[in-house]
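2 protein chains.
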Amino acid sequence: MNVLIIHAHNEPQSFSTALYQLAEETLMGQGHEVQVSDLYAMNWNPVASAADFGARANPDYLVYALEQREGAKHQTIAADIQAELDKLLWADLVIFNFPIYWFSAPAILKGWFDRVLVSGICYGGKRFYDQGGLAGKKALVTVTLGGREHMFGEGAIHGPLEDMLRPILRGTLAYTGMTVLPPFVAWHVPYISNDARQDFLRQYQDRLQHLDQDQPLEFPRLEQFDERLYPLPR
Amino acid sequence: MNVLIIHAHNEPQSFSTALYQLAEETLMGQGHEVQVSDLYAMNWNPVASAADFGARANPDYLVYALEQREGAKHQTIAADIQAELDKLLWADLVIFNFPIYWFSAPAILKGWFDRVLVSGICYGGKRFYDQGGLAGKKALVTVTLGGREHMFGEGAIHGPLEDMLRPILRGTLAYTGMTVLPPFVAWHVPYISNDARQDFLRQYQDRLQHLDQDQPLEFPRLEQFDERLYPLPR
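From first to last, the protein sequence lines stand for chains E and D. Residue 1 is where the first sequence starts when you use the UniProt record's numbering, and the numbers rise one by one after that. Residue 1 is where the second sequence starts when you use the UniProt record's numbering, and the numbers rise one by one after that.
A few of these clues could be false.
Claimed, not checked - Derived SDA-like pairs: lysine to any residue, alpha-carbon spacing no greater than 20 Å straight-line:
#1 D/Lys126 - E/Gly155
#2 E/Lys126 - D/Ile157
#3 E/Lys126 - E/Pro220
#4 E/Lys126 - D/His158
#5 D/Lys126 - E/Pro220
To be verified - Footprint (simulated), chain E over chain D, 3 or more residues, beta carbon under 8 Å:
#6 39-52
#7 59-65
#8 99-112
#9 144-157
#10 227-234
Because the hints were derived from the structure by calculation, they are not lab data. We put the CB at the ideal spot given by N, CA and C, even for glycine.
Can you make the complete structure from the sequences, with help from the hints?
Structure follows, in C-alpha cells:
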C-alpha cells in the first residue's frame, strides 16, 4: 500500500507525534510506502483564499469550489495544494493524526481539508459518498484528547465521540468516497502515566498490523436516494 | 446589548457578507452596540502555535491549553488573540457568520475558536456547559451552504444539519457556557435567484428583530452528572 500520514500537532515531542512515528515505522516495516505531511513543520497555510489560484475562471467574484475545479483541471492551483493533492491521489490509505481541538481538528488540518479536497477531483455533482472521487482509498483518524473515555458514549456528558467527529468521518472522509475505519483514540493523554502511554502505543501498533481486518464505518450510499437525492423507500 | 459579529468569507461581495451587514444594520438600528471581526479582512492567523505566547510556563514542551491559562492570567498572550478575547468578553451576543465548508466552519474561523476561546477564562476544570466561563452570553450561528434543504433532516442524505454542526453548537459554544440559539440557514445559496436571496434577507431581518423570542437549543447541565462526570440517575 501507499500510505499518507497527515500530522497536525504543534509540539514535536508530543504523544501525537509518537503515534504518527509509530505508524510510519510499523507500516514501512510491513513493506508499505509511507509519506508524511507534518503540517506544522511544513508551515502549512490553512486559509482558503483567492491567492490559491494562478488563473481565475471569474476574477471578479470568488466561488472557491468553482475555482478549485478550474485550477485542478488546468493545474493552475497553488503549488502547496497541488503537492498535497498529488500525495493524496497516490495514497491507498490516509491516516489523519491530530489532537482533538474543540471536538474537531485543529485549524491547520481543517484548512488541509478546505484547500486540498478539491471540487472536480475529490467530489462534485453526484460524485459523493460511495460515488466520491476518492473511492477505493481507506482513511484512519488517529486522535489524542484530554477527556476520559467515560465522558463519551450514549448517555455520557459529551455523547458519542463519533457523533462529535461526524463532520470529519462522514461529512468529509466518507463524503469524498473514502472507506472510513473506526478512529483510534488515545484518551486523557495530558494526564496519564508513561505506562498508560506505552499501552496506547502497543494497542495502536497491533491495530496497524491488522488494518485489513477492520470493519469500516457505515454511511449512506447514493443508490438509497433518487435523482433529486430524496430517500427511496427501503 | 453588545453584539460581536465574527465573519469568515473570502469573497467580500458574497451573500454571506450581505447577511452580516444586514445583522450589523438591523441590530444597530435597534440601539445595540455592534463590533465586527471580519477575519479575512483582518488577515486573521488561525494556527495555534508556540508563537501565541510571549512568556511560557514550560518553554520546553508546549501544552497549548496550559499556556493559554498562563498567558491569559498574565496578559502575555499574543496581541491579536487578546484583542479578540476582549471583544468576546464585552459581547452579550456573538454571531458567527460563515459559509459551510466540509459541514463545518472554514479553517480561518476554526482557528478563531482554537486561539481565542482560551482555557482558564472561557472554560477550565469543571467550568463547562452551563457552568462555562461565557455563561450569560448568547450565540447565533448564521450559515450559507450549497446543499438543498431536503438533503438535511432525519432520514435525509446528510442527516440533520444540527448533527453536523454538533462540534460547534454543543462542543464549542454550549461547552463554553453560551446560550445557543437555533442556527439561521440560507440553503443552496450559489444556485438561487436574486428573489430567493431577498427572501432569506427578509427572514433573517425578522429573526434578528425578535431574537429575544428564540427558544435556545438544549444541552447537558453539570447537575445531571456526578463529581467524576458520570451521569446521575434521572
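Worksheet item: Keeping to a limit of 20 Å between CA atoms, is the pair of lysine 126 of chain D and glycine 155 of chain E held or broken?
Response: Distance of about 18 Å is within 20 Å: holds.
Practice prompt. Take the stretch 99-112 of chain D, compare each residue's beta carbon with every beta carbon of chain E, and decide whether three or more fall closer than 8 Å.
Written response: holds (count 10)
Item to complete: Examine the stretch 39-52 of chain D for residues whose CB is less than 8 Å from any CB of chain E, and state whether their number is three or more.
Response: holds (count 6)
Worksheet item: Do the alpha carbons of lysine 126 of chain E and histidine 158 of chain D lie within 20 Å of each other, as the hint requires?
Response: Roughly 13 Å between the alpha carbons, so the hint for lysine 126 of chain E and histidine 158 of chain D holds.
Worksheet item: How does the coverage statement for the stretch 227-234 of chain D fare against chain E, requiring three or more residues with Cβ below 8 Å from a Cβ of that chain?
Response: Our answer is that it holds, as 4 residues pass the Cβ test (under 8 Å) against chain E, meeting three.
Item to complete: Compare the distance between the alpha carbons of lysine 126 of chain E and proline 220 of chain E with 20 Å, and conclude whether the hinted pair is satisfied.
Response: 13 Å, holds
Fill in: Coverage assertion for the stretch 59-65 of chain D with respect to chain E, Cβ distance below 8 Å, three residues required
This one holds; 5 residues, not fewer than the three required, reach chain E with a Cβ under 8 Å.
Discussion item. Hint check: lysine 126 of chain E vs isoleucine 157 of chain D, CA-CA at most 20 Å. Holds or violated?
Written reply: Holds: lysine 126 of chain E and isoleucine 157 of chain D sit about 12 Å apart, inside 20 Å.
Discussion item. Please verify whether lysine 126 of chain D and proline 220 of chain E have alpha carbons no more than 20 Å apart.
Written reply: 38 Å, violated
Worksheet item: Under a C-beta cut-off of less than 8 Å, do 3 or more residues of the stretch 144-157 of chain D approach chain E closely enough to confirm the stated coverage?
Response: holds (count 7)
Comparing the model with each numbered hint stated earlier shows that hint 5 is the single one that does not hold.
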